[in-house]
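Enquirer: Sequence:
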Amino acid sequence: MPTRTARHGAAVAALLLTLGAPDVAAAPAPPPPEAPTTAGAARTPRTPDTGDAPGAPDTADAESAGAALVARRAALAAASRGGGAAGLDFRACPPVEDLPSHLQCATLRVPLDYARPDGPQISLTVSRATATGARGAARQGALVQNPGGPGASGMSFPLVAALPGWERIAAAYDLVGYAPRGVGRSAPLSCQDPAARAKGPVQEPVRPSPAYKAERRAQAREYANGCARRAGVALPYYTTANNARDLHVLRAALGEDKLTFMGASYGTYLGAVYATLYPRHVRRMVLDSPVDPDPRRVWYRNNLDQARGFEGRWRDFRAWVARHHAVYGLGTTPEAVQAGYERVRDAVARTPAGGTVGTGELRAAYLQAAYYDDVWPDRAAALAAFLRGDPSVLAAQAAPDPAVAAEAENATAVYTAVLCNDAPWPADWGTWDRDHTELARTAPFETWANAFLNLPCASWPVRAERSPVAVGAQPERLPRTLVVAAERDGATPYAGAPELQRRLGAGASLVTETGAGSHGVAGGRNGCVDRHVERYLLTGATPGWRVRCAPHPEPAPVSLDDRAAGARRALLPPVV
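Position in the sequence shown (from 1) plus 270 gives the number in my numbering.
Derived by calculation from the structure, the hints in this document are not laboratory data. You can trust all of the hints, since none of them are fake.
Restraint ranges, calculated between C-beta atoms of paired labels, are given here:
hint	residue 1	residue 2	range
1	372	823	28 to 34 angstroms
2	811	479	52 to 58 angstroms
3	432	662	32 to 38 angstroms
4	393	659	50 to 56 angstroms
5	615	489	19 to 25 angstroms
Just so it is clear, the structure is predicted and the values come from calculations on it, not from any experiment. Built from N, CA and C at the ideal position, the CB exists for glycine as well.
Use the sequences and the hints to build the structure in full.
Expert: This is the structure:
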C-alpha cells in the first residue's frame, strides 16, 4: 500500500508509480553469493533492538544481534577511514546510474540474513552530495532519504541540492540517497521474465466476472512462484525489518551516531520501524505522507483503505475538470466528467488508442491523477482531445514506456516481496472476493486493480512466521519528529498521519496541508509546509503538536492548444 508501485512513472529517478502498477519484466536477479539458511528468515523482532552491545536483553534475537555487530563494524570502518567490507568508499558514480559528475557513489555491503552476519553478503548502492557549507553553514551530518514504494530508488535524491528552496539544507547536510535491497543494482529482485510479460494493450473489465477473477488468481499464483524461482533462497529476506537494519548499518557507515532521515509514503513506515528498533539512534525524522503503521492494518487493510482514498481523490480530479468546463468542455459536474471518461474507456476497449492503450493502460494513466494534481491539466486535455476525435494525446500519455519496463518490473517485484513477507495476508480467495466486491460498490475506480496487484500474497511461497513490527513499542522516548500529510491524500489516507504521530510519542509534531491531496507534501508544493520542514531539519524545532497549512494552489487549466506547456512539478521527485 504505501504506494504501490505501480503507478510509477517518473523517469526522473526511476521511481515508479505505486500500488497498482501493471506487470512488467526485468532481467533475472543474480543468486546470492552462497545459499543462506532460511530459518527465521521473515521473522520480525518482538522486542526493540537499540543496537547496543551483545548480551543486552533487547539484542537477544539473532537478527538484532547481527545487525548490531555489522553496524559496529561499519562505525569502526568509518572512524578509521579504513574501508573494508563495511566501509563506504565514495567515488565517481558509474555511468549506469546516469547521475551528474559532481555526485559521488559508493556500495555498502550488508548481510543477506542478519542472523548470519558473516554469511552471504549483498551490496547496496549509495549516492551523495556533500554539504556545500554555503554562507558559513556548519555541517550537521548526513540526511538520508527514502522515497517510498517499497521498490523505489533514492539514488537521485542528492540532485535536490541544486534546486531552489534547498540551499540552506544542502549547505548543512550531506544529502544521501540509496537503493534499498532488491532495488536497482542493490541485489536486484525480479519475479518475471521479460518474455513472459503480456504485451499491451491490456483490457480490464469494469466488473470482473468469475472467469476473469479465476484467470487473475492463476496469474497471481504464477507470479508468486516466479518470485520464488528467480530469487531462490533470498526471497524471505526482502522485508521492512531488514530494510531498517540496512539503514542502521548505512547510518554507521556514514560515520553518524544518530540518523537524520526523510521518508515519504512507504518511507514513513520504514522510518517508523527504524525508530522502533533503534530509538537511541534517531536524531531527526521528517515523515511525509504517512502509511498507517497500526499492525492490524499492515498491509491487507491498508490497501482496502487506499482504494477508498483513491476514489475520493478521483472525484477531486473530476470536480476540478468540471470547474474548468470552459477550457475542456467535459461537463459542469463530476458525474458528467465521469460519463466522458466512461465513453473513452468503452472506445479503447473496442479500439486501443495508438494501438497500445486499452482499458488497463487508461486506468493506470488516470490513477496518476489520484496521486498528483500537477498532472490534472494534461489528463483533462487528453480526455477532451479523444472525445473530439484525436486519440494521439491519450496515446502519448498512457502508452507503456519500454525504456522503463525493467525498472517497473523490478519495483513491482520488490513491492510484492516486502509486503507479502512483512505481514499475514488472507489465504482464502473468499475473503478477498467478499471484501473487494463490497468495496467496489462505493470505490470502483481502483479496488479490483489493487486486489489483483496484491493477490500474489495469498499464495506467497515464504512460510516463515510473519508479524508486523509493533511501531511505537520502543522502550524509551524518541526525540522530536515531524510528520507532514495532505488531508485528502488518496495513496496514504490521512487517518494514518495522526496514528503515526500517536505512536511516535509526545515529541512528534503533525503538519497538515488542509484541503489538498497530492501525494508527497514536502519539497516544493507548499511553502508553509516547507518552512516547517526546513526549520526542523536545521534547528530541531517543531511547530507544535498539530499545525495546519493552507492548501497549495490548484493547477491552472491548460487549453488543448497550450497543453505542451506542461504542469508545474514539485521539487522532489514523485514519491511512491
